[in-house]
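In order, the protein sequences belong to chains A and B.
FYI, this note's numbering numbers position 3 of the first sequence as 3, with every residue one higher than the one before it.
FYI, this note's numbering numbers position 4 of the second sequence as 4, with every residue one higher than the one before it.
Take the hints with a grain of salt, since some may be wrong.
[Claimed, not checked] Cross-link-like lysine to aspartate or glutamate pairs, in silico, EDC-like; alpha carbons within 20 Å at most:
1) B:K162 - A:D10
2) B:K162 - B:D95
3) B:K138 - A:D10
4) B:K58 - B:D95
5) B:K106 - B:D70
6) B:K162 - A:D59
7) A:K41 - B:E4
8) B:K138 - A:E11
9) B:K106 - B:D28
10) B:K58 - B:D125
Because the hints were derived from the structure by calculation, they are not lab data.
Quick caveat, the model's predicted, so the values are computed rather than measured.
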Amino acid sequence: MTADDLTPADEQVVSTFMQRLRAAPLDVSPRMPATDVLMLKAQLIRRWDAQQKVRLPIDVMEPFEMAATLAAAALLLFWSIPSAFDWIPRVMF
Amino acid sequence: MLTERALGEFYQRHARSVWTYVYRVTNDAFDADDIVQEAFLRLFQADVAPADEEGLRKYVFRIAGNLIADRWRRRKRDERRDPEAVPTEGGEQRDLDVVRTFAELKPRDRALLWLAYVEGETHEDIATSLRVGRGSVKVLLSRARARLRDLLTARGMFQGLKK
Numbered sequence: 001m002t003a004d005d006l007t008p009a010d011e012q013v014v015s016t017f018m019q020r021l022r023a024a025p026l027d028v029s030p031r032m033p034a035t036d037v038l039m040l041k042a043q044l045i046r047r048w049d050a051q052q053k054v055r056l057p058i059d060v061m062e063p064f065e066m067a068a069t070l071a072a073a074a075l076l077l078f079w080s081i082p083s084a085f086d087w088i089p090r091v092m093f
Numbered sequence: 001m002l003t004e005r006a007l008g009e010f011y012q013r014h015a016r017s018v019w020t021y022v023y024r025v026t027n028d029a030f031d032a033d034d035i036v037q038e039a040f041l042r043l044f045q046a047d048v049a050p051a052d053e054e055g056l057r058k059y060v061f062r063i064a065g066n067l068i069a070d071r072w073r074r075r076k077r078d079e080r081r082d083p084e085a086v087p088t089e090g091g092e093q094r095d096l097d098v099v100r101t102f103a104e105l106k107p108r109d110r111a112l113l114w115l116a117y118v119e120g121e122t123h124e125d126i127a128t129s130l131r132v133g134r135g136s137v138k139v140l141l142s143r144a145r146a147r148l149r150d151l152l153t154a155r156g157m158f159q160g161l162k163k
């Protein structure tokens with residue numbers, strides 16, 4: 001038989017079965033948190049999300065900051081190399 | 001938007017029925033605990049939520065359905081888990097047979113049948129809950145019914161359920 005072969009009697013049996021299932025007792029008890037706990041958790045998550053939103057521009061800019069700092073350091077080093085070479089012979093001899 | 005108090009009362013009224021749905025579909029009490037908690041957390045955090053009780057209820061069932069679907073996808077390779085999780089104690093023999101038979105169906109069939117017969121949801125609501133095409137619900141539900149009928153016949157329960 002295929003799905004299309006369902007007779008009204010089949011439908012009625014399925015319906016009766018589902019009603020029995022609905023009425024069947026649960027073999028385990030739900031372990032749901034208390035309402036206050038869940039509300040508090042939701043508040044904390046909301047606060048965390050808000051913090052993340054505020055932090056987003058800082059986090060986005062952080063790699064650019066790092067790159068700019070490194071570039072500035074490299075430039076400074078590049079400029080200071082000739083004067084460093086001038087200074088070394090004076091100390092040594 | 002509902003007040004926190006109204007949402008709290010809504011949670012107290014409906015958490016158990018959502019939990020029962022998730023548990024019957026997943027056959028796993030830990031999953032049911034997790035999914036129901038997550039579903040209500042998402043509801044509490046939602047900026048826009050339906051204001052009437054029935055709309056809110058459907059909304060939670062939809063979130064729970066989506067979370068169940070996400071877990072199916074993650075655990076598809078672990079399909080043998082379900083029969084092992086079939087309850088073995090509690091309730092009368094008749095109830096146990098009913099629960100065991102239902103647990104033998106595929107999770108999606110269980111969800112379809114539960115939403116259609118126990119929650120009385122429309123095909124449109126079921127489609128949204130389970131993230132399937134609206135046009136597919138009728139066919140999928142029909143197949144789920146046929147599989148349940150075949151199971152009942154194989155287990156010799158079909159005649160007993162005929163009135």
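Right, here's what the structure says about each hint:
Between B:K162 and A:D10, the direct Cα distance comes to roughly 8 Å. Compliance with the 20 Å bound is thereby established for this hinted pair. A hinted pair counts as satisfied when its Cα atoms are at most 20 Å apart, and B:K162 with B:D95 qualifies at roughly 16 Å. Taking the CA atoms of B:K138 and A:D10, the gap is near 16 Å; set against the 20 Å cutoff, the hint holds. Distance restraint check for B:K58 and B:D95: the Cα-Cα separation of roughly 27 Å exceeds the 20 Å cut-off, and the hinted pair is therefore not satisfied.
For the hint linking B:K106 to B:D70, the alpha-carbon distance of about 15 Å falls within 20 Å, and the restraint holds. Straight-line distance between C-alpha atoms of B:K162 and A:D59 comes to about 65 Å, which puts the hinted pair past the 20 Å bound. Distance restraint check for A:K41 and B:E4: the Cα-Cα separation of roughly 13 Å lies within the 20 Å cut-off, and the hinted pair is therefore satisfied. Between B:K138 and A:E11, the direct Cα distance comes to roughly 14 Å. Compliance with the 20 Å bound is thereby established for this hinted pair.
With a C-alpha separation of about 14 Å, the suggested pairing of B:K106 with B:D28 holds against the 20 Å cut-off. In summary, the hint linking B:K58 to B:D125 is supported, as the alpha carbons are separated by about 8 Å, within the 20 Å threshold.
The earlier numbered hints that this structure contradicts are 4 and 6.
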